[in-house]
Amino acid sequence: MHTFQKYWHIFWHLRKLELMRMMEYRGDFIFFSFLSTLWTIFNFFFFSLIFNVSDTIAGWSADEMYLLLGTFTILDAFTWTFFYHNMSSYTRHVFTGSLSMLLTKPISTIFLLTTAKNSYNNIFRFFIGCFTVYHYTKKLGVQPSVWDITLYCLLIFASLLLIYAVWFITATFAFWIEKLDNINEIIPGLRRVMQVPKGVFVGASSLLFTVVLPFGLVSSVPSEVLLQRADVPSIIWLLLSSVIAVVGAIKFFTFAIKKYSSVGN
Amino acid sequence: MTSVSEPVISVSHLKKHFSVYKKRPGLLASIRSLWQREYETVAAVDDISFTINQGEVVGFIGQNGAGKTTTLKILSGLLYPTSGEVSVLGYNPWDRKSAFQKQFSLVLGQKNQLWWDLPAMETFLLNQAIYDIPEAQFRKTLNKLVALLAVADCVQIQVRKLSLGQRMKCELIAALLHNPKVLFLDEPTIGLDVVMQKTLRDFIAEYNREFKATVILTSHYMDDVKELCERVIMIDHGKKIYDGLLSNIISKYARNKILSVIFSTSVTKKSLAEFGTIKDWDGSTATLLVPRKEATKQAARLLESLPVQDLNIEEAPLEAIIREVFGNKAQSA
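Taken in sequence, the protein lines are chains A and B.
In this text, residue positions in the first sequence follow my numbering: the first is 1, and each later residue adds one.
In this text, residue positions in the second sequence follow my numbering: the first is 1001, and each later residue adds one.
Only chain A is shown next, with the shape it has when bound in the complex:
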């Protein structure tokens, strides 16, 4: 209990520090908040262009698709709020040797690497995502139960864990590869996979993006839960794969840290 309280306290202390840091550079905050909101609007616009010439995508109507995009926007806002900054910082720590300062602290290094940084530029996108999901659920006339909403939240959490863990595993390769600037662009490069229904993946791509690396499920499955048409195997696999990925990330880090050579002074 004490450990949980300590970590909880440190987590919020770090958020406070980042908030204070953000306020030191408010111009940066305003500009990037504007840009990230613009990206989100453009994303919806992009799909609206498709629906001008087609009624469905893999069996999903425009309103259902916008609900899925709302779910994706929530995930993406979290991803850019926490993961991008922490993973960039993680690989930089390994490359410059400043990881040394974190490794000597009496606290989980993974926790510090994962939570030390964040940005607040994507807060607006998070609210846009929440509003979109709420709006289209209502518009579609779906009435999700408390259980549906709870499961939806749980699956969003599992999806975030999956994205985080896979990204962490990718970033951990920095222990072997001396300098790889683009290592943190791999997961953002797969964002397209996350914002389409899982039905678009067929054959080998289905095996790859719904089984091996199930990023194709992260927006689809929670949205299907709200639409009350989710299949149980997909729910189980999304939950299970997130747990497997997190355990794998921790084990891989523990193994990789032995390769840490710091840098000469």
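Errors might be hidden in some of the hints.
[Unchecked claim] Rough simulated footprint, nothing fancy, chain A against chain B, three-plus residues with beta-carbon under 8 Å:
{"id": "1", "segment": "1069–1081"}
{"id": "2", "segment": "1130–1144"}
{"id": "3", "segment": "1286–1295"}
[Unchecked claim] Each computed DSS-like pair below joins lysine-lysine, with the alpha-carbon atoms no more than 25 Å apart:
{"id": "4", "chain 1": "A", "residue 1": "Lys105", "chain 2": "B", "residue 2": "Lys1144"}
{"id": "5", "chain 1": "B", "residue 1": "Lys1270", "chain 2": "A", "residue 2": "Lys105"}
{"id": "6", "chain 1": "A", "residue 1": "Lys117", "chain 2": "B", "residue 2": "Lys1111"}
{"id": "7", "chain 1": "A", "residue 1": "Lys258", "chain 2": "B", "residue 2": "Lys1239"}
{"id": "8", "chain 1": "B", "residue 1": "Lys1181", "chain 2": "B", "residue 2": "Lys1252"}
{"id": "9", "chain 1": "B", "residue 1": "Lys1226", "chain 2": "A", "residue 2": "Lys16"}
{"id": "10", "chain 1": "A", "residue 1": "Lys105", "chain 2": "B", "residue 2": "Lys1111"}
[Unchecked claim] A partial selection of chain A residues facing chain B, derived with a Cβ cut-off under 10 Å:
{"id": "11", "residue": "Lys6"}
{"id": "12", "residue": "His9"}
{"id": "13", "residue": "Lys16"}
{"id": "14", "residue": "Arg21"}
{"id": "15", "residue": "Glu24"}
{"id": "16", "residue": "Met101"}
{"id": "17", "residue": "Lys105"}
{"id": "18", "residue": "Thr109"}
{"id": "19", "residue": "Val142"}
{"id": "20", "residue": "Val202"}
{"id": "21", "residue": "Ser205"}
{"id": "22", "residue": "Leu207"}
{"id": "23", "residue": "Phe253"}
In case anyone wonders, no lab produced these hints; they're calculated from the structure.
These numbers come from a predicted model, not from an experiment.
All C-beta atoms in this analysis are idealised placements derived from N, C-alpha and C, irrespective of residue type, glycine included.
Please build the complex by placing chain B on the supplied structure of chain A, with the hints as guidance.
Only chain B this time, still in chain A's reference frame:
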């Protein structure tokens, strides 16, 4: 976990080897390195053993790349050794147990833990949470450290706006808030002016006295070592070449003593040659290097043979002796 009689730090046959990429110069070599790279194994630490007791301040002396920092990083649990045994405060450092990490601190002069964009005080508060420091103890220690280092005006200013000296003082405070029993200081005074170096040295000495803390210090500034360390460990190419009192280095390695002479009338350079190696001469004064064993005899001869007004017999400066030790090693290597 450690009783007073046991060494706080115990290192036995420690080895750390790195595989280092060797790149030949030139564009052609760079192109070739895309598919074929040559690696060589470098013994950064090569079979080092020593023990350090509670309250000792030990200086690690060695040239760049000698293995000093690597040893400190192994003792801090940052690096896994290739072989050998290490115990710090009764713990295996690379187990990285929380109980161990709360009892030591590592200060790397060229790395910082302070949050760059925020006042140092914010890092202190974060460390309070990370190290579980009770509020009363935190305030007491902080006030004391801030007063000792005279940084009351600095701790509320953004770190990036502080001078290097102010930053280093704040780094030390961040590292000492949890009252560590063991302190690893790697070049803590690097880049600082002489006044600031002296302030930090006095502070480290005071901390050692008050908390009976064990300190290992690496520094290229001999003044740091001379003022703080009774005992030194000299490392060269990963090997320990000396472990003992700093004062004994002179008797062990210094071959010459220095005779400084002032003459009442001018003397020729030729007339001095028979007494020793002439280092400086301007007619009325001279400095001679004389083998240690002959120093007294040659001084007596000088007094008898030449118009000496004043004569001093001095030991060679420690810096020069150490430079000579490492110089000879480098030549023989």
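What are the numbers of the hints that this structure violates, sorted from low to high? Numbers 3, 5, 8, 9, 19, 20, 21, 22 and 23, in rising order.
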